[in-house]
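Student: The chain contents come next:
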Amino acid sequence: MIRFDNVSKRYESGLEALKRVNFELEAGEMAFLTGPSGAGKSTLLKLLMLMERPSSGTLLINGKNLNRLSRSSIPSYRRQIGVVFQNHQLLSDRTVFDNVALPLQILGYPISETGRRVRAALDGVGLLEKEANNPLTLSGGEQQRVGIARAVVHKPKILLADEPTGNLDPKLSTEIMSLFRRFQSVGVTVLIATHDINLINRLDHRIMYLEDGIMADNGVPYGGE
Amino acid sequence: MAGSNKANREAPSRGARDQKVKLSDRWRSYRAHHSSTLRTTLAKIFGEPIQTLLTVVVIAIALALPSAMFLVLHNVQQLGTGIESSQQMTVFVEKTATRSAIEQLSEDIEQLAHVASVTYISEEQALEEFKASSGFGSALQYLDKNPLPAVFLVQPKTTNTAEITHTQDLVAAIAALNAVEEVQIDMLWMQRLLTITEISQKLVLAIGIALGIGVLLVIGNTIRLAIQSRRDEIIVVKLVGGTDAYVRRPFLYTGLLLGLLGAMMASLMLVTCVVWLGRSVNALADLYQSQFHLVGPGFSGILTLWLIGASIGVMGAWVAVMQHLREIEPK
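Residue numbers (the UniProt record's numbering), protein chains in the order written: chain Z, 1 to 225; chain V, 1 to 331.
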C-alpha cells in the first residue's frame with residue numbers, strides 16, 4: 001500500500017531530513033513511526049501528504065508513483081487519505097458537525113448522505129451529542145477525536161496521524177489508540193508518528209524507528225518481507 | 001424537486017457500499033456548494049456591516065463618478081441632436097421678390113449639391129406659425145402689414161463635423177442666388193459643440209478606466225485581507241483535498257457581491273442626482289422654451305452599470321486570489 005524506495009529529503013536550508021529510507025506497509029497494516037524529535041517523522045508524513053516532494057527516491061502508494069503526480073492532481077490524491085494532526089486543525093468558525101462534514105462537501109456528497117456519514121463518524125468516536133458545539137468548547141481529547149472523525153468520515157484507505165496523542169494524558173492516549181486499531185480492523189492502512197514509546201510498547205504493532213533521518217529499524221523481524 | 005427527492009432516498013443504500021460519488025450527485029452538490037457559498041459569503045459580508053459599507057461606498061463613488069459624467073455627456077448630446085436639426089439653414093427671401101422669382105429660387109436651391117431637402121414657408125405661413133408659437137398673436141393684429149419675409153428651410157446632407165466645410169460652401173452658393181436677402185446658420189457653434197463632445201467622451205472614457213482600475217484594486221485589497229484572515233481554513237481545505245477552484249470560490253463570490261453592491265449603490269446615487277437635478281433643469285429648459293429634459297441612466301444603463309461592477313468585482317478577486325492563494329500551502 002505504502003512503499004518508500006531509497007527516499008531522501010533535503011530541504012532548501014540544507015537540512016537532510018530523510019536519508020535513503022526504505023520500507024513497505026501492506027494494505028490493512030498498522031504501524032508506528034517513532035524516534036527522537038527532529039528524526040524526520042513529520043517529514044515522512046509530509047511526503048505522504050504531498051506537502052513536500054522527495055529530493056530523490058520513489059514513493060509508491062497503491063502501486064502509483066507519487067513523484068509523477070502533478071500539482072493539479074494533488075487534491076484528488078489527498079481525498080483518498082485521512083490525516084489526523086497533532087494540533088487538530090479544526091476550524092473554530094463552524095460547528096463540530098461542519099468540521100467533520102468538510103471532506104464530504106469537497107468530495108461532493110449529497111446533503112442527506114453527508115449528514116448520515118458525519119453522524120456515523122461522530123458516533124464512532126463517541127461525540128455524537130457534541131455535533132452542534134464549537135470545537136473550541138471541547139476538551140483536548142474531544143478535539144482530537146473530532147479530528148479523527150474528520151479523517152475517517154470519507155472512508156479513506158490510508159489513515160495517517162502525526163503525534164495524535166501529543167498533548168493527552170495516558171488514559172486518553174490509550175483511548176485514541178484503540179480508535180485507530182478499530183479502523184485497522186476494518187481494513188484501513190494506518191501509520192502513526194509518535195514519540196510516546198511507553199504507549200506503543202504496550203501495543204502489539206509494528207514499530208519503525210527513525211533516527212537522524214535514517215530508518216534504523218523498519219519494524220520487520222529479520223528474514224521477514 | 002421530485003427528482004432530487006428520489007435521489008436522496010436512494011443515496012444512503014448505495015453510499016454505504018460504494019465510496020464513489022455519482023456524477024449527477026456531484027453536479028448537484030457542485031451547485032449546492034455554489035449556493036451555500038453564496039449564502040455564507042452574504043452572511044460574512046453583512047456580518048461586518050461597517051467594513052462592508054466602507055468598501056461598498058468607495059466602490060460606489062468610483063463607479064458613480066464616471067457614470068455621472070457619461071450621463072452629462074449623454075444629455076449634452078441630446079441637446080446636440082436638437083441642434084443638428086438646426087443645421088438646416090434659413091434662407092430669407094427679399095420682401096420685394098415676385099412669385100415667379102421665388103419659384104425660380106426654389107428650383108435653383110434644389111439643384112445645388114449637398115442639399116437634402118428644401119421647404120418653402122410663405123409670408124402668411126410664417127405669420128401663422130409665429131402667432132401660434134410666440135403668444136404674441138393678439139399683438140400682431142395691430143400691425144397693418146405682415147413684417148415677416150418668406151423663408152426657405154434648406155436641410156444640407158452633412159451630418160458630421162468633417163463635412164461642415166460643404167455646408168459653408170452651400171451657404172455661400174445660396175447667398176449668391178437672386179432674391180436672397182440673407183442665409184443664416186449657426187455653424188461655428190455647432191462645430192465647437194461637436195468637437196467638445198468628442199473630446200469629453202475620450203476624457204470620460206479615460207477617467208472611467210482609471211477609476212475602474214481603482215475599483216479593481218480596492219476589491220483586490222479587500223479580498224487579499226479576506227484570504228489572510230481565512231488562512232487556517234484554506235490550509236485545512238487544501239489538506240483534506242479541496243481543489244483550487246473550491247478554495248477560490250468564496251473569494252470570487254465576495255468580489256462579485258462587493259462589485260455588485262457598489263454598482264447598486266452607484267446607480268442609487270445617480271438616480272437620486274437625476275431626480276434631484278431634474279426639476280431644476282426642466283424648469284430652466286422651460287424658461288428657454290426648450291424641449292430639453294434631463295435624461296436618466298435608464299433601465300439598460302443601470303443594468304450595464306451593475307454588469308460592469310460585478311465583472312470588475314470578479315476580476316479584482318481573481319487577481320488577488322491568483323496572487324495569494326498559491327502562497328498558502330500547508331506546511
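It is worth saying that the hints were derived from the structure and are not from the lab. Beta carbons: idealized from backbone N, C-alpha and C, even for Gly. Do not rely on the hints blindly, as some may be mistaken.
Label pairs and their calculated CB-CB ranges [stated by the list, open to error]: (1) Z:Leu128 to V:Lys22: 36 to 46 angstroms; (2) Z:Arg182 to V:Arg39: 32 to 42 angstroms; (3) V:Arg39 to Z:Asn22: 26 to 36 angstroms; (4) Z:Gly28 to V:Met322: 39 to 49 angstroms; (5) V:Glu329 to Z:Thr95: 41 to 51 angstroms; (6) V:Met322 to Z:Glu12: 21 to 31 angstroms; (7) V:Glu329 to Z:Ser37: 38 to 48 angstroms.
Student: Going back to the hint list, which numbers does this structure go against?
Tutor: 1, 3, 5, 7
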